[in-house]
Each structure stands twice: as structure tokens, then as C-alpha cells.
Amino acid sequence: MATTVTEPGLKRVERLERIWVEPRGVLGWLTTTDHKRIGLLYFFTTLAFFGAGGIEALLIRTQLAEPNAKVLSPETYDQLMTMHGVTMIFLFVIPMSLGAFGNYLIPLMIGARDMAFPRMNALSYWLFLASGLFMYASVFLHAAPNAGWFDYVPLALKQYDPGRNIDFYALGLIFNGISSTAAAINFIVTIFKLRAPGMSMNRMPLFCFAMLAVSLSLIFALPSLTIDLVYLELQRNLGFHFFDVAHGGDPLLWQHLFWLFGHPEVYIIILPAFGIATSIIPTFSKRKMIAFPLVALAELLVAFIGFGVWAHHMFATGLPTITLVFFAAASMMVVIPSTIQVFAWTVTVALGRPEFRAPLMFIGGFIVFFVLGGLTGIMFAAIPFDQAATDTYFVVAHFHFIIFGAAVFPILGGMYYWFPKVTGRLYHEGLAKLSFWLTFVGTALTFFPMHIIGLLGMPRRVYTYPSSLGWGAYNLSETIGAFILTAGLLLIFWNLVYSRFRGAPAGPDPFFGGTLEWATTSPPPPYNFPVIPTVRSAYPNWDAEDRRADVARLERGELVLDGGHETPASTVVDAVPDEVLEMPGESPWPLAVAVCTSLLFIMLLTRHYAVAGVFAGFALLAVAAWHSKEPQET
Amino acid sequence: MAAVPLTLPVGAWAGDNQNALHPASKQEHSISVLWWVMLVGCSIGFGVIVILLFLGWVRRNRDYLPFGGRDRAGTAIVIGLGVFVPIVILSLLFVWSDLYVIKTTEAPAANSTPMSVKVIGHDWWWEIRYPGTRAVTANEIHIPVRTRVDMLGTSADVIHSFWVPALNRKADLIPGRVNRLLLDANRPGEYRGQCAEFCGQQHAHMAMYVFADPPNVFRRWLANEARPARKPATPQAREGERLFLNLPCSGCHMIRGTSADGTIGPDLTHLATRTTLAALTLPNKPPDLTHWIEDPQRYKPGSKMPGFSLTSSQRDALVAYLDGLK
Ligand SMILES: [Cu+2]
Numbered sequence: 072m073a074t075t076v077t078e079p080g081l082k083r084v085e086r087l088e089r090i091w092v093e094p095r096g097v098l099g100w101l102t103t104t105d106h107k108r109i110g111l112l113y114f115f116t117t118l119a120f121f122g123a124g125g126i127e128a129l130l131i132r133t134q135l136a137e138p139n140a141k142v143l144s145p146e147t148y149d150q151l152m153t154m155h156g157v158t159m160i161f162l163f164v165i166p167m168s169l170g171a172f173g174n175y176l177i178p179l180m181i182g183a184r185d186m187a188f189p190r191m192n193a194l195s196y197w198l199f200l201a202s203g204l205f206m207y208a209s210v211f212l213h214a215a216p217n218a219g220w221f222d223y224v225p226l227a228l229k230q231y232d233p234g235r236n237i238d239f240y241a242l243g244l245i246f247n248g249i250s251s252t253a254a255a256i257n258f259i260v261t262i263f264k265l266r267a268p269g270m271s272m273n274r275m276p277l278f279c280f281a282m283l284a285v286s287l288s289l290i291f292a293l294p295s296l297t298i299d300l301v302y303l304e305l306q307r308n309l310g311f312h313f314f315d316v317a318h319g320g321d322p323l324l325w326q327h328l329f330w331l332f333g334h335p336e337v338y339i340i341i342l343p344a345f346g347i348a349t350s351i352i353p354t355f356s357k358r359k360m361i362a363f364p365l366v367a368l369a370e371l372l373v374a375f376i377g378f379g380v381w382a383h384h385m386f387a388t389g390l391p392t393i394t395l396v397f398f399a400a401a402s403m404m405v406v407i408p409s410t411i412q413v414f415a416w417t418v419t420v421a422l423g424r425p426e427f428r429a430p431l432m433f434i435g436g437f438i439v440f441f442v443l444g445g446l447t448g449i450m451f452a453a454i455p456f457d458q459a460a461t462d463t464y465f466v467v468a469h470f471h472f473i474i475f476g477a478a479v480f481p482i483l484g485g486m487y488y489w490f491p492k493v494t495g496r497l498y499h500e501g502l503a504k505l506s507f508w509l510t511f512v513g514t515a516l517t518f519f520p521m522h523i524i525g526l527l528g529m530p531r532r533v534y535t536y537p538s539s540l541g542w543g544a545y546n547l548s549e550t551i552g553a554f555i556l557t558a559g560l561l562l563i564f565w566n567l568v569y570s571r572f573r574g575a576p577a578g579p580d581p582f583f584g585g586t587l588e589w590a591t592t593s594p595p596p597p598y599n600f601p602v603i604p605t606v607r608s609a610y611p612n613w614d615a616e617d618r619r620a621d622v623a624r625l626e627r628g629e630l631v632l633d634g635g636h637e638t639p640a641s642t643v644v645d646a647v648p649d650e651v652l653e654m655p656g657e658s659p660w661p662l663a664v665a666v667c668t669s670l671l672f673i674m675l676l677t678r679h680y681a682v683a684g685v686f687a688g689f690a691l692l693a694v695a696a697w698h699s700k701e702p703q704e705t
Numbered sequence: 402m403a404a405v406p407l408t409l410p411v412g413a414w415a416g417d418n419q420n421a422l423h424p425a426s427k428q429e430h431s432i433s434v435l436w437w438v439m440l441v442g443c444s445i446g447f448g449v450i451v452i453l454l455f456l457g458w459v460r461r462n463r464d465y466l467p468f469g470g471r472d473r474a475g476t477a478i479v480i481g482l483g484v485f486v487p488i489v490i491l492s493l494l495f496v497w498s499d500l501y502v503i504k505t506t507e508a509p510a511a512n513s514t515p516m517s518v519k520v521i522g523h524d525w526w527w528e529i530r531y532p533g534t535r536a537v538t539a540n541e542i543h544i545p546v547r548t549r550v551d552m553l554g555t556s557a558d559v560i561h562s563f564w565v566p567a568l569n570r571k572a573d574l575i576p577g578r579v580n581r582l583l584l585d586a587n588r589p590g591e592y593r594g595q596c597a598e599f600c601g602q603q604h605a606h607m608a609m610y611v612f613a614d615p616p617n618v619f620r621r622w623l624a625n626e627a628r629p630a631r632k633p634a635t636p637q638a639r640e641g642e643r644l645f646l647n648l649p650c651s652g653c654h655m656i657r658g659t660s661a662d663g664t665i666g667p668d669l670t671h672l673a674t675r676t677t678l679a680a681l682t683l684p685n686k687p688p689d690l691t692h693w694i695e696d697p698q699r700y701k702p703g704s705k706m707p708g709f710s711l712t713s714s715q716r717d718a719l720v721a722y723l724d725g726l727k
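Protein chains in written order, with our numbering: chain A, 72 to 705; chain B, 402 to 727.
Please note that a few of the clues may not be correct.
[As the list claims (entries may be wrong)] Facing chain B, from chain A, some residues (calculated, C-beta under 7 angstroms):
hint : residue
1    : Tyr223
2    : Gly435
3    : Gln458
4    : Thr535
[What the hints assert, rightly or not] Quick list of in silico lysine-lysine cross-link-like pairs, DSS-like style, CA-CA up to 30 angstroms:
hint : chain 1 : residue 1 : chain 2 : residue 2
5    : A       : Lys359    : A       : Lys141
6    : B       : Lys705    : A       : Lys141
7    : A       : Lys229    : B       : Lys519
8    : A       : Lys229    : B       : Lys705
9    : A       : Lys141    : B       : Lys519
Hints are computed from structural coordinates only; laboratory data are not their basis.
Virtual Cβ for every residue (Gly too), placed ideally from N, Cα, C.
Could you put the whole structure together from the sequences, leaning on the hints where they help?
This is the structure:
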């Protein structure tokens, strides 16, 4: 864009470059507040955790490949099984979709120059990294959490689990929750207030609707988990009795509070995938999403109804029948927003002239797996069947099709799709297609037989099984599938690494995408857009006239905002510009707060409560310090 | 001594039935019918989506639907197939499964069954009591066939889940609560079940059998279980009893009629009437019993029962005694 502009326009771009530039090198990364760099930090960190969770999964599958195997001891198995769940959910899928994709893309999609609270954004990342490292420290101490990712009491109480294992879990997740809460608030404000002029709610990309729904869910769901974890820590370490029957407590309290968080969590995991799907489908089908408002509504509804179904995780606990029936009804209701979206995706493809490049193929795989996992999900709303199949491998099959097949496939497709935007280079299409087929076949082979062994009676979370029950062959094929899947994933990462250095130049918009991230250069400059775009439809990048008008406005100096580190704010519903925000620049304070918070949690873990208080004080001081205003460059 | 290696892989018995789709009761039958019907329905739903996707690929060069429809028709499909059809189907499923089938699998009304059996989950075995009698056993439940039996389940430690797939749904065993479940086998047989709620290191080795016996066989069995232990018959067995009472065994295990009154491990009064050891981890044969007593941690690492180093004659005496507890 900058090439077609004349002298005054170029001057303005230069000014923006000077205003928004961040320090180079390691220091730059440590102090950055640029949402794109933070997104990349999230990306690489979550990828590392994905690797760890994947290795755990492969070890588990190796142990289960045949009956009575002795690859892992029962204790090691329990730790790996728990860490696999905790890692994939809290350290991979959510931070990958929200932290990496959300961070990188949302400001670009809504035509903003950064997130609403750039320093809080950095803080979210550093807290996330620290909480992940905190939890992984346990693995190296051979004291990793070992009571399963939903950590039922009494098993998780000191009586039955005297080590530090569960304290790592409880404190680690409280820690992680602070990061997620900060991130969620940031996304909500960013999406509500920083949209480009003219991007009213009904013109907002569906990706942003999904992220908005996720963020709202997070801030309402997390408190329930946090409270549960605090109760657990109080009972484990300070002699409280929340879950203790002998003292009037109740172990089911844990489950209610956990699932009151845990079920919305499922939608928190899956909604970003919907958002990615609704970005990729229109681009490669070369048309708008069909039933756009209905899909937007469905995304919000699913997050809302998701709060009313938690007890369907507890159908075998002996709740009164009337309660079961209520929650089963709610669970059936939550299906409707999903069916709306499934048909909207498929019909959009059918109505377009789809080009089946790798990202769209991953979305195809996503739809297949989502429908598969969704249909078995409906089965679980049939109470008697749930009570038979729950806690068996049938459930493991169901939620892996949802969490891996449906939530991760769009992430993989999204990696290919936005790779040219982030790097300025194209990925290798042939290898990408091959990697799709490998991951697709691997996923199906790993998880499909689990339905069968579940019905054959195999409970989940067993570290081994006898040979007399006919489960061996299915388990072996699952293990083979897991290795095929791994090969597919490695191929994806190889493709991206290779293309990062050898890929053909991509240009700003290689796929003719409809949303605003494609309106700027690849990779985008630190200020995202030389001129704030104005929007008149839900696919603003397809409005060629408007984009030409942007260039003209750069010439005239309208909406360039080169008077400082600035981004415009607009009204919540109609996106009428109402303010120009002075954005804070890079800062070491978020990192300092995160370091103090880590020390605080380490002290809580080692039960040095007084020292913990001191570090809490330091953390507060650091928060105060970051609000001091530095001189602005102009 | 013959350190007989286990010829059978641990837990290998022919004909184990832990299959939820091989029902041996009316309750499980209704669950499996529910499953097969849902499977057919879901396969159709899955087929529709896959066909739509496939159409999208086959007709990738045409930007309209097969009958010429465009956006309006597309929206109609989304609303029709995405809203109305699922509402109808889900309502039908809801009424059938959650209002009707659920009645079959619900806990029986209190005191509506001729007998009940109490199951108490422990790390990692099942304590079984027959209310109204003195009978106490472990891991192998006997019930009379074609008789409604009320299972009253609870736990002595962490949460376990009672599940015998061929007979009925699950019931979690939760400390401080009693959850009930109907057992009503419609043909004699042995039905395998397994703990379904993760309960720690040996969750994998917490299995059980339900034997549905003809009523007279059951009555004889129950009468025997309720009696105190038999007196040892041979000098070797008498030596075994003496050892048992003097070793720590008696602090953890109960043998009714002796001074052994421990409650940490299973009641061993009629151990020899059971077919398996340690929640189906080993067959109950003298060589396996020997292995178990010597080194329980080898078969169930983490179990509360420690290993004992005994001389071979002590060990044989113990086994002779336990093997005589018919
Ligand atoms: Cu158990």
C-alpha cells in the first residue's frame, strides 16, 4: 500500500514507524506490548507444551498397546495421564486459540493498532508461561498431579495423596486462571471498544464473535474453579473440611463447582475453532457465510447455555432423577446452536466455489470429527446410556473427537491459513495436503476404536487391562493411530519451519480473504495499519472501493493518528468513533509482576505463607510502578 | 520350592463378559436398545453431513445447490435442518430415553425388592455384605437369578463406581452416601464388572464378579458364607491358623470364629469359596495364593497389603489353612 502513496503519505508512515518501533533483540521480546509479538510468544510457548502433552500421550498409548504391559509404573501412568489432560486443556488449546490466534488476529481483524490493555496483555502471557513452568516443575520432581485432570476428592485430599502433587495442580491452575481472566477481560474490552469506524456489531467477523463468547464464558466460569481450588488447598494444608463427610462437608461439592466451570470450558475450547472455521470457509469458498446473524447468535448462545448443563458430568453420582432430567433437557438444547453452525458451514461450502487447499481440508476434517463427537455427545444426553457409557473409553472417544478432532484441526488449518500473514511467505501446499491426510487418518484410527472398547467395558484411566476381555487389538490399533497422527503433526511443523525460510513470498493477501487482517502487509507493521480502515460490511477486504479510500485518506492525513502511540476507540454497538486512545508502550513491569507472582506461588507451594505475603506486596508495587507514565516519543 | 511362573497372563479367564451390549437383564437390555436406535439415528445424521460436504467438493465449480437454490435456499436448509429437524428428533429422544427408559434403570423403590446386597468400595477391592445375615465376602457377589436385588453402594475411602455392564448402568460409590441400583439377572452366569471411577494407583485392578445363581444354589452359598470359619483339618493347616493369628495378617483381615478381626483388608472367613484373589487380579489357586502372600506389591503396587518374608514351610502352612476356608 505504501508504494502507491506520495510524499506526505510516506512521511506519515515514517512517523508511525518511529512512534511504534520497539527495542530489538531479547530485551524487545521481554518488554514487548505489541499484540502480534505477544501472540507469537504464546504460539511458541503453547507449541512447546503441546509437544510435552503429545509425548505424554504417546507414552500412555505405548503402555496401553497390549494387555499387562509394564512400560510405565502405575504411579507414573497416573501422573502422565493427569498432566496430559491438564497440559492439553490449560497449556495448549486455550492459550493457543485465545492467546496466540486471538492475540495476533483480533486487533488486525477489527482494524485496531493493539489490544485495549497492551501491558495487561503482556502480563497475561508472562503469567501463563510462569504457571505452565510451575506445573511442569512437578514433572521433574516426579511429583506431578496424579488424580486425573478433574481431580476428584477425596482422592485428591491429603489423606490419599500426601505429596505435593495436588498442590502443584491446585496452585498451578489458580495461577493459570489469573492469566486467563486478564486475557479474557482484555479481549472483551478490545472487541467492544476498539473496532474500526463503521464495524458495527453485525459487521464484526464471526471469529471475533467466537472470541467474545469465549472470553465472556471464561470470566464467568473461572471463579467457580478458583473457589474450588482454594477450598481444596485450604482443606489440604490448613485443616478446613469443605469436602469432608465426617465434618459435614461433601465430596460432591467439588464436582459441582468443578463442572460448573468444566462444562463451559468445553465450549471455551471449541468456540475458537468455530471462529477459525468461519474465517477459512468464506475465504476458500469465495463467498460470505450463509445465515451470518444466525451463526453469530449461535456462537453466543452456545456459550450461554453451556452454563446450564454441568450436572450431565455427574449422572452416575446418584442425583435425584428430576435433576438428571432437567440437565439432560438442557444438554439437548445446547445441541441446536451447534447444528445451526454445522449446516451453515456445509451449506456455505456447497454454495460457493470452494478451492480445497490445505486450510479448507482441515476444516473439512474438523466438520467430520465435530459431527462425530457431537452425535456421541447427544447420546450422553440420553441419561440411561450416559450412565452406562460414562467413565469408559466411549467418553474418551467422544471428547477426543471434540477436543482434538474439532478443536485442534481448525488450529492446524489456521496455522497454514495465517502463516503467510505472519511470515510473509507461502507454505508448501503439497506437503500440507499430505499432512492433512496423515493427521486425519491418524486421528480416526486413534480415537474411533475407543467407542468400541468403551462399550466392551473398558473404563478410562486404567493403566493396564487383562487379555481376557478382547480389548487388545483395538488398543493396538489406537496406538498405531497415535504414531501416524504424530507423523502428520511433525510434517505440519516441518512444513512451516521450512517455508518460513524457503517459502515463496506471499504478498499481503494471497488467499483473497475478506477480513481486515488481509488489508495490511505481511507481516503487518507494528502499528498494523498506516491508516485506520473504515468498514461498511462484514467482509471489508472484499470492498475494494473502501480499501482504495483508505489510501486516499492516508494522503490527506485522515485517521492516520500519527500524533502519538494512538488507536481510535468507538461505540460498543455501532462503532462510531468516540475517542482517540493514547496507548502505553513497551514496559518491563508486566514481566516483573509475573516474576513476583511466581515467587508468591512457589512460597505458597512450600508453605512459607509469610514470605508469600511479601512477594504479593512486591507484585502490587510492580503493578503500581507500571502505571507511572513514561515520556512519549513524538 | 516351585516358584511356579504364572502361566496365564494376569486376569485371563475365558468367556469374561464385561460387554454393555451383551445384556443379561431387562435393564441393560433397554440400555442397549437405546444405544442401537441412537446409533442408527446418528449414522443417518452423520451421513447427511458427509454427503453435504461431498456435494460441496463434487460441485466445487458451481455456486448453487443441486436444484438451483442459492442463498435463500441455503438459509432455509440451515434453519430447517439446523433448527427444526433437530428439535423434533431431540424431543423424541428426550421423551423416550429420559422420561421412559430411565424408569427401567432407576434405583428400585425402597424396600420393593425381596433382598438387598451392600457393596462398600475400598482401595482397591469391594466389600460385600448381605443385610439381615452375617455373610460378608469380597469381590464376588452372588445373587439369585431372576430376583430383584437392591444394591446399596457406598465407599470407605475415595469415590469408586460400581459397574457390571451386562446387568445395569453405573452407580458411584461415594463416602457418606448410599447409591442404589437394581440387579436383576435374567439368566444364570458370571458377569464381570470393574470400578469405573478413577480411584488411584490400582484402579485398573479393581474388578468384581456377579454370579447369578439358581435360587437353591444361592441359598446354600449364602448360608455357608454366614457361618463362622471352619476349623482347620490338618496339622499343617492348624499351624497355618496359628501363624495367621500371630502374624500381622489378623490385624487387617477378619476370619470369623477366630481372634482375627481386622477390617483393613477383605474378610477371609470363606476365602476358598472365591474363584479369584485381590479383586480378580489372580486366580484363587494355591500357587497364586502363595505368590500373593509373598509379594502383593508385585501384582498390585500400592496396595495396603505388605509383602512378608516367610519360610517355605510357614508359607505352605498359611496357604493350606486359607485354602481350607471353604
Ligand atoms: Cu475404585
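message = Under 7 angstroms is the threshold here; is the Cβ of Gln458 (chain A) close enough to any Cβ of chain B for the hint to stand?
response = Gln458 (chain A) check passes; min Cβ-Cβ to chain B is 4 angstroms, inside 7 angstroms.
query = Hint check: is the beta carbon of Gly435 (chain A) less than 7 angstroms from a beta carbon of chain B?
reply = With a closest approach of 6 angstroms, the Gly435 (chain A) hint holds.
task = Using 7 angstroms as the Cβ threshold, decide whether Tyr223 (chain A) counts as touching chain B.
result = 6 angstroms, holds
task = Sort out whether Lys141 (chain A) lies within 30 angstroms of Lys705 (chain B), counting only the CA atoms.
result = 21 angstroms, holds
inquiry  = Holds or violated: Lys141 (chain A) and Lys519 (chain B), Cα atoms, limit 30 angstroms.
reply    = 35 angstroms, violated
message = Hinted pair, alpha-carbon criterion (30 angstroms max): Lys229 (chain A), Lys519 (chain B). Please report holds or violated.
response = Holds - the C-alpha atoms of Lys519 (chain B) and Lys229 (chain A) are around 28 angstroms apart, at most 30 angstroms.
30 angstroms Cα cutoff - pair Lys229 (chain A), Lys705 (chain B) = Satisfied, since the Cα-Cα distance of roughly 17 angstroms is no more than 30 angstroms.
request  = Using Cβ atoms only, decide whether Thr535 (chain A) comes closer than 7 angstroms to chain B, and label the hint accordingly.
outcome  = Check passed: Cβ of Thr535 (chain A) comes within 5 angstroms of chain B, closer than 7 angstroms.
Satisfaction of hint between Lys141 (chain A) and Lys359 (chain A), Cα-Cα up to 30 angstroms = 54 angstroms, violated
The structure fails to meet hints 5, 9 from the earlier list, while all remaining hints are met.
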